[in-house]
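Produce the complete structure using the sequences and hints provided.
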Amino acid sequence: MDISNIRAQFPILTKKIYGHDLVYFDNAATTQKPQQVIDELVKYYTEENSNIHRGVHFLSQYATEKYEKCRTKVASFINAPQPETVIFTRGTTESINLVAESFGQAFINEGDEVLISALEHHSNIVPWQMICERKHAVLKVIPIDKNGDINIEMLPELITSKTKIVAIAHVSNALGTVCPVKEIIKLAHEKNVPVLVDGAQAISHIKVDVTDLDCDFYCFSGHKMYAPMGIGVLYGKKSWLDAMPPYQGGGEMIQHVTFEKTTYNVLPFKFEAGTPNVGDAMGLFKAMEFMESVGYEDIAAHESRLLDYCAERFNDLGYVSIIGTSAHKAGAISFLLKGIHPYDTGILLDKFSVAVRTGHHCAEPVMQFYGIPGTVRASFAIYNTLEEIDYMIASLQKVYSMLSI
Amino acid sequence: MGIKEKTRQLVEEFDYFDDWMDKYNYIIDLGKTLPLIDEKYKTPEYTISGCQSQVWLHAELVDGKVIFTADSDAIITKGIIALLIRVFSDETPDEILKADMGFIDALGLKEYLSPTRSNGLFSMIKQMEMYAYAFREKR
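Heads up: the sequence lines are chains A and B, in that order. Add 743 to a position in the first sequence, counting from 1, and you land on the number used in the numbering used here. Add 67 to a position in the second sequence, counting from 1, and you land on the number used in the numbering used here.
Please keep in mind that the hints were generated in silico from the structure rather than gathered at the bench. Any given hint might turn out to be false.
Claimed, not checked - Examples of chain B residues toward chain A, derived with CB under 7 Å:
(1) G117
(2) Q119
(3) S120
(4) D140
(5) I142
(6) I143
(7) F189
As the list claims (entries may be wrong) - When the alpha-carbon atoms are kept at most 16 Å apart in a straight line, the in silico EDC-like pairs for lysine to aspartate or glutamate are as follows:
(8) A:K1094 to B:D89
(9) B:K90 to B:D172
(10) A:K1094 to B:D161
To be verified - The following residues of chain A were derived to be distant from chain B, with all beta-carbon distances above 12 Å:
(11) F801
(12) Q872
(13) G1102
(14) I1148
The beta carbon of each residue, even a glycine, is placed where N, CA and C say it ideally should be.
Have a look at this one:
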């Protein structure tokens, strides 16, 4: 695989920041976009823009067809059994909120339990907290160990007869831990409890097969997998989606409306109220094509080489502590320079044109677990190189000498 | 020396630096001169929100002038707040409230001014102004 060939497809990577080549290690926040995705957006708004479904005119029908083609492609991309089990949303957060609200409305009652893990992003905590508060249900948490791995041995005891759903990250955004979701799903299903997987941090690194995982819901964002911001996916098993009430009301999601009674549309439209984000769906289509052109196997191999190399170089420095030392990691490495606030490190790395993220990464409970204010997180994508890691290491050495006096 | 003169001096000092590293080394050094807040004020009441690092700011009125003390767990934040304290401490509430904030721009720190920026320079200035306002109203 020729990385320079891949890099050439990402125009932003030639940008200079403070006069130096951009080193973009904030991919867990959002990935950059390849030219074909950018071009597709321009093409859509230049030549194809029209509101979809129900339109009888040429452009509307053309855009509808392309939008639905994207749905079909997503279904095959994650091996979903039917296209209508793919719901388009604004992103992972909205996907989780949709399930928490709609599933919670129908199936969570007083005294019931929702089980999440201590690794979750706020987006997979707060929506559950909100529905639990409203329904007087209880939010329970699977603890993690010091490596940042989920304590899976505790699962049989944590899933009780009151547990209504398990919601778990596929990959931790703060630590990069890959969770054993397949095993968790199997354990939960043995007790007839459905599982939602937050795949926001997995989708760009790990080949996702929802049929093989047998998950009940899978959520991800386009913008973390080379697609535009504002488009995301909720996959749900048809039996669940059919049984759940609509999330939002409006156009598209109805069958018939009278002032007395409204009947709802079939899947997937039942969950897509209002004009959908057609343009960004087109971009998502191109992003999936891009990822397929590289292939998950090569993506995973390259990114794990980057992670391993980065960890090695950190260890060589002697004053870097890696936060989260699971044997199974993808995409991200969290760290601290000894005795130095992550914010200081991030601010100065930025001056070296290295883009990292600092802080609690919207996973405050993880930081509380480690008793730290936050971390510096370097997160990788397919276009990153070993040379860029070398440059970050050299920059970190200068940063450390500035800050450790 | 009033706020105007102090900011003029700062801008002059900053003009010396032709690269960012010198400037940040200077900010880091400034942090070491920060008049530290009494440990007993390191409570949520004195914490400035809107910062990625923890910042505590205390103010008292002494002979009609506001005296600021502060601390932070991050070194650069400490430097930035030291810079602000150098400008605004030991001034009357009126002087603080009518101060021209243009010097932030002139120091090349404008990038930190947006209210969403994680280091909360904006929140620090707001908090200092709030103290000044409260002291002025109390009189």
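Hint by hint, here is what the structure shows:
1. G117: Since chain A brings no Cβ nearer than about 12 Å to G117 of chain B, farther than 7 Å, the hint is violated.
2. Q119: Q119 of chain B check passes; min Cβ-Cβ to chain A is 5 Å, inside 7 Å.
3. S120: 5 Å, holds
4. D140: Constraint on D140 of chain B satisfied, holds at 6 Å.
5. I142: 5 Å, holds
6. I143: Because about 5 Å separates I143 of chain B from the closest Cβ in chain A, which is inside the 7 Å limit, the hint holds.
7. F189: 15 Å, violated
8. A:K1094 to B:D89: 12 Å, holds
9. B:K90 to B:D172: 14 Å, holds
10. A:K1094 to B:D161: Roughly 37 Å separates the two Cα atoms, so the pair is violated.
11. F801: Correct as stated: the minimum Cβ-Cβ distance to chain B is 43 Å, above 12 Å.
12. Q872: At about 21 Å from chain B, Q872 of chain A clears the 12 Å cut-off, so the statement holds.
13. G1102: 5 Å, violated
14. I1148: 8 Å, violated
The structure shown violates the earlier hints numbered 1, 7, 10, 13 and 14.
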